[in-house]
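Take the given structure of chain A and dock chain L to it, following the hints.
As you go down the protein sequences, you meet chains A and L in turn. Going letter by letter, the first sequence gives residues 99 to 315 in my numbering. Going letter by letter, the second sequence gives residues 99 to 315 in my numbering.
The hints are all genuine.
You can't tell identical chains apart in this list, so a pair holds if it fits in one copy or across any two.
Below, simulated EDC-like cross-link-like pairs (lysine to aspartate or glutamate); rule was C-alpha separation at most 20 Å, straight line:
1) K303 x E134
2) K303 x D192
3) K303 x D194
4) K117 x D175
Since the hints were made in silico from the structure, they are not lab data. This structure is a prediction, so every number in the text was calculated from the model and none was measured.
Number of protein chains: 2
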Amino acid sequence: MSITPETLEQALNWRYATKAFDRARSIPAQTWAALEQSLLLSPSSYGLQPWKFLVIRDRALRQQLRPHAWDQSQITDCAELVVFLGRRTIEQADVDTLISTTCQARGLASEQMAFYADLLRRNVVEHAQVPAAEIAGWNGRQVYIALGTFMTAAALLGVDTCPIEGFDPAAFDRLLELEAGPYRSWVVCAAGYRAADDRYAQLAKVRYSAGELIEVR
Amino acid sequence: MSITPETLEQALNWRYATKAFDRARSIPAQTWAALEQSLLLSPSSYGLQPWKFLVIRDRALRQQLRPHAWDQSQITDCAELVVFLGRRTIEQADVDTLISTTCQARGLASEQMAFYADLLRRNVVEHAQVPAAEIAGWNGRQVYIALGTFMTAAALLGVDTCPIEGFDPAAFDRLLELEAGPYRSWVVCAAGYRAADDRYAQLAKVRYSAGELIEVR
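Just chain A, with the same shape it has in the complex (with noise of 0.2 Å):
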């Protein structure tokens, strides 16, 4: 069932930041199933999937958005777009969400999620763990496990993306009305097919090494 040290490798080598996508080309339903699987089975912190996924594939809409996104070609020439969304607060309609949800999964009565849904609410509503002015970062940083689990996927599949801060998250919450709802852009995602021209595709990557980064203690 597993995949071989060397299969990851030789993915997350020929992963690169795609420039220039093949606009001709679209992903299979049953690849992008699997992508969309990533995103719904990514982790977060106490499962609360702060989060939520926009396709754009309105042609229209992803002209609209390129200009505020330094005008990428990524935007539009890729095959799927996503943007990725965080919620803005948590609040206890969100936890008690979690836990009917949890309970209706695992054939559970309430009063046996009590000590959890406790918990959250103390931790997360009340703010114990989290203060109330780092909810929407760390709900942000939820989103970018997604966003790494979504990239480590799609590189798995042969899939190529670009990810892209370069974008005005203003300007991207107002074109896609997110403005007065409980969630924000964070950082967007283009995946599609690297354009058999995107010089970019052959350059040598650049990292630092691990005798740099990774320190055993």
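For chain L alone, coordinates are given in the frame of chain A:
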């Protein structure tokens, strides 16, 4: 070279936040080497790699850390314990190091990287894109990309993990002697193999549906 969508989905469904690790099992050297590569090859904004990974093998140090992580047994019982660190700031020196490393890896003269160096200086060091007060949090989010990459890579290699945010970063930073340095701890991840009697392995996964979390525009 790629894996199938089924293999990916199987691995992601097999993964869970492991509560009880098998203390007798270690991770084979080649598998661990690939997991280290997954950390080093993780994508980061501008390729800055504003992170460091501490692998805590010292049993006494793990015992010291455990009470500051809600006394969770994973801290002492897992095969490999990784503390994910992020840089507190990005200085011009960090940009210079990235540029010179890039020139070396790609056989370029520094003038050929002048445009990119300038962009980085303006956007990050002079904060045109990332405000000074947000640099640490921005680096923190990059660290979570590496976390997502690491956990996904581990699942595919058949290695269990448990992401741990339930710890006191100040206490960890003190015990790991990070306080005066350029890095702070953001998140911890235990890796190894589930104990045969970890009842959490049997619980149904709790996830919101694609209909709730993925929206096509």
